[in-house]
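Residue numbers (this note's numbering), protein chains in the order written: chain A, 1 to 633; chain B, 1001 to 1633.
Just so you know, the hints here were simulated from the structure itself, not pulled from any lab data.
Among the clues, some could well be false.
What the hints assert, rightly or not - Chain B stretches covered by chain A per the calculated footprint, using a threshold of three residues with CB under 8 Å from any CB of chain A: (1) 1119-1130; (2) 1150-1162; (3) 1312-1322.
All C-beta atoms in this analysis are idealised placements derived from N, C-alpha and C, irrespective of residue type, glycine included.
Number of protein chains: 2
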Amino acid sequence: MERTIPAEEGENLLEIAMKAGVHINASCGGRGVCGKCRVRMAEGTLNSSTHPSIGEEDYAAGVRLACLSSVSGDVVIEIPLESQVDRSILRRSTVMSDVDAGDIDEAFLGEYGREPLVERYNLTIHRPDEQDNISDAARIARALASRPGCGDPVVLPLRVMRGLGAKLRDAGWNVTVDVVMSGRKEITSITKGDVGASHYAIAVDIGTTTVAAQLLCCDQEDGKGIILASSSDYNRQISFGEDVISRIMYAGKRNGLRKLQEVVVSTVNLLIGELLEEKGVDRADVSHIVVAGNTTMMHLFYGIEPKYIMLAPYTPLATAFPPVGCGEVGLETAPHARLFAIPGVSSYVGGDIVSGVALSGMTEREGVSLFMDIGTNGEIVLGNRQWLLCASCSAGPAFEGGGIEFGTRAAPGAIEKVRVNPVTLEPMILTIGRRKPLGICGSGLIDVVAELLLAGVIDRNGKFSTGQQTRRVRDGSNGREYVLCFASETNIERDIVITEIDLDNIIRTKAAVYAGCSVLLENGGLAFGDLDMVIIAGGFGHSIDVEKAIVMGLLPELPAERFRFMGNASLGGARIAAVSRGFFEKAGEVARSMTNIELSNNAQFMDEFMAAMFLPHTDGRAFPETMKALKNR
Amino acid sequence: MERTIPAEEGENLLEIAMKAGVHINASCGGRGVCGKCRVRMAEGTLNSSTHPSIGEEDYAAGVRLACLSSVSGDVVIEIPLESQVDRSILRRSTVMSDVDAGDIDEAFLGEYGREPLVERYNLTIHRPDEQDNISDAARIARALASRPGCGDPVVLPLRVMRGLGAKLRDAGWNVTVDVVMSGRKEITSITKGDVGASHYAIAVDIGTTTVAAQLLCCDQEDGKGIILASSSDYNRQISFGEDVISRIMYAGKRNGLRKLQEVVVSTVNLLIGELLEEKGVDRADVSHIVVAGNTTMMHLFYGIEPKYIMLAPYTPLATAFPPVGCGEVGLETAPHARLFAIPGVSSYVGGDIVSGVALSGMTEREGVSLFMDIGTNGEIVLGNRQWLLCASCSAGPAFEGGGIEFGTRAAPGAIEKVRVNPVTLEPMILTIGRRKPLGICGSGLIDVVAELLLAGVIDRNGKFSTGQQTRRVRDGSNGREYVLCFASETNIERDIVITEIDLDNIIRTKAAVYAGCSVLLENGGLAFGDLDMVIIAGGFGHSIDVEKAIVMGLLPELPAERFRFMGNASLGGARIAAVSRGFFEKAGEVARSMTNIELSNNAQFMDEFMAAMFLPHTDGRAFPETMKALKNR
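The shape of chain A in the complex, shown without the other chains:
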């Protein structure tokens, strides 16, 4: 796809792309650090600095980093596939989680009731006469009082009062009202006549990388489930940095916070527009939106400074957000639509985790579960119906492709499955969408490490074993490496390799997650064997091969039946909360009852982390089956 974008002389290429809505990968927020924003000058020239990540040959071929380039005249820029963001993979994963959603929804709505956060009632109001001439506002309150939960005082805001007298009389005293039923009860809209009970909510999971949304039916009569449509897209903030830290740094720049707020809101607005169009739903019939996201995303979405999240001792400005009108953050809804957020716990355990934990059912069970959401940060929660401990381990972005030479997000062309023949040491790879490979995503990396270990290509330190006779293992520019695909087989015309540096990054990541789980268990006086259930949430979880994740020591060695995959549990929780205020309250209780264990500068964590820097672990007794397999190789 070609686009022509006007630009001023001297403008930065990455910023031009951002402004124009052209996404180029940039992990570091445009600081010339990550080397991900590779582009190629097809015609014309750019003023660009060199960068260690661009070899001499590539540089000669016109490869540049967008963040280090500025325009000086007309230029044709090619964005290589591996620098692009592709939306199709997101749609796939959303559709997958929809399949399971129906059963989960039914169970929760059975328990917590299908009573949306905002109710819509059609009211026939007693026409005033001389015996009964209380105020219009009091008449509405009286007509509402018979509805369940509406007996308390209900606030009628000035905005709704204005013009109400004529509206009630024009409507012949029959109106449809939307009432916020959580916290302070409030009438958000009054519409003439009976517009039908149908009204809609939208649940949104605001992830650092992706934003997913679902259009929900609040109608109590409809037995067909609550999800009417689903959509998702990359968070447009990606152009400002891949992880929360780069976003927080960008927010600290002049107008940075405002810009980040605008682009995430515009992402949500895009999804809202798509959902409504798909189902032909009127914007005015969306009564509320429920969002869940990590603490940084929530700060940026609400336009609140996130700065102190990344500075010790890591204090967020807020973990709960007051209910406001959707318009107050810039969402394109009718003015009356109300915005709710699932509350979080701490700077690195946000509402997305609370939402998922509430949805996982672990807080209802006697047995102890471990909830894991592995992304850039590994967020983990341990507990049962009596107690909950949570922590976040800075896993690093390895599983999302960060810090890995050919790492990439799970997108078409990403290598997601790898097997290594133990005899020939040749790999077998599968890519997402079965396209020509352009990089390796998280699940592929887990496979690579586990398979190279099982095949004896690497040792338990994550170093290449000496004396292996294969053309696949060679000395590269960054030390020893294993070639997964030769250039001719790829879509990027470069060999796709995994280096010792990559292996080290992956091991650090898995060690951080495993160590975090160990610390929570020790704090709970438990061991991995005591876990009834390991719940793996997040898009990443979907594609993990549990067996390989155990071999490399990311997951504990437990029987397969104790593992559960939840997909986008954050979106799922927001969805249930939108149509069940009982569940929304429950999520609040979950947030309040979680005890946050800070792992940074935590000596116990450092010990566990060092112990986990082995494959699968320094303490082989925790991985008896894996150790047996390694001995037998």
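Use these hints to put chain B onto chain A, whose structure you have.
Then chain B, alone, in the frame of chain A:
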């Protein structure tokens, strides 16, 4: 005072004056009905219609009605004294009520506590560290929780959250917070450091004619009373009509509601500015404003359509108003200042009456009291600690000078006291400010009627007796009349007279009030003699001669010691509510516990009204002393 005002050709003179803030009396809202907006062309000419109220001679002398005149070129206009609005009288009455205020305030604050609707706290917040890194918002809530009444969840709005992180750290974790303590608790502002406990509230009584305001000290340590400064002014809405009905009609015009809202808010803003300047108080230190007013005034102040107040069955849009930021109605305060309104009961029994009743103490007593506020409408409340009945009788504007040929508001030059020598039938008059007379105000009218009756100049029907030999009684252009002042003695160069038509209007007014009281008493199963106390509120009450008011049958014939005068009880109640949330809640209870009796189209009222159309009353047995005096004349 001279002013030069630019105007377009063809513009209406009354509207030019309104725009320029020059007040000209206009009782009918500029409809050419009342004939009050008399002006004189000193130079140049106006395009004006003639009007029955302007005699040929006056017309020849350049007298015109402003509402019927438009400009066609440069013109010098004189506004006669009787058409002007003078502020000095208001200041006097405010100062008078201040004198008594201290004792009342002390008694109420003793009972309900000196706990303002918005509290200001200085908080030292625990600096975050690794052991304690809950969110900034949670830290504030925790620091607040130890303060009385702050244990419940306190809402921290987005507006306050934004930028809070840097503010807390710059402030070294010592901040001053304002917290709304009534209804949903909410932090309205957070300021760096200890700005001192002193914060201020403003109480405002928004009357149809006048607006009065007081600057109040919320500081609990200060034992010097709560009133720091007082001010008042005519409600700028006067230019759009003198009574609530003309205002409601004006509000129905294009942009009328917006205009009326703007001018009343600008009146309040003027007073706020004066109060703050007088005491050198910083605008940012005003934490809240409490308003009380009749139901129409409240609708106009909040910008809510008042139309249905004047249409049967007289349903207001609201009698209670949600707490909002002062800025939402246009008040010039800091953005965080909160606005509260004393709730009302019905279209014609508003928050001003509720405020006064709560302040009167009648709801604490076992004995039954009658509360009266006589203005354009006579609002009356009957009851004790167990029950309250209320009603409004459309008394008509006679006591405010409306419908009376030489009627005027209580302003300098208004005749406020009258005695008629029973032998010579010559009058003795006193004016406000002892100026040359320009008209008769309400208390003067009561005196005139009572004195003319006692002197035998008029009979019990309110008609001039035949056969009186005095130059004072003569045939005028509107029938028989009594001359109070000859032109040469006045400031308006016309004879000031009281006509039979005037007498009829006054009798209708007093009959409506008395009949309203009778109906309430009958509904309570009581008679006038059962009243423990008659409480007279409002500026008018201050100047009434109770004895004369009894003679004419406006007030019941009871011993003098049972009458109490409260002055501006509406302002008083708003004042106590501002610094005592317990009293604010109490006012809400008073409003809810009042049973409104609708008198329009009420057969019982019509019977009582007809019976009261005599002087003092058809049933002379209710006025034994007066009847004795009449027999002895």
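Exercise for the section: Determine which of the earlier numbered hints do not hold for this structure and return their numbers in increasing order. Expected result: none
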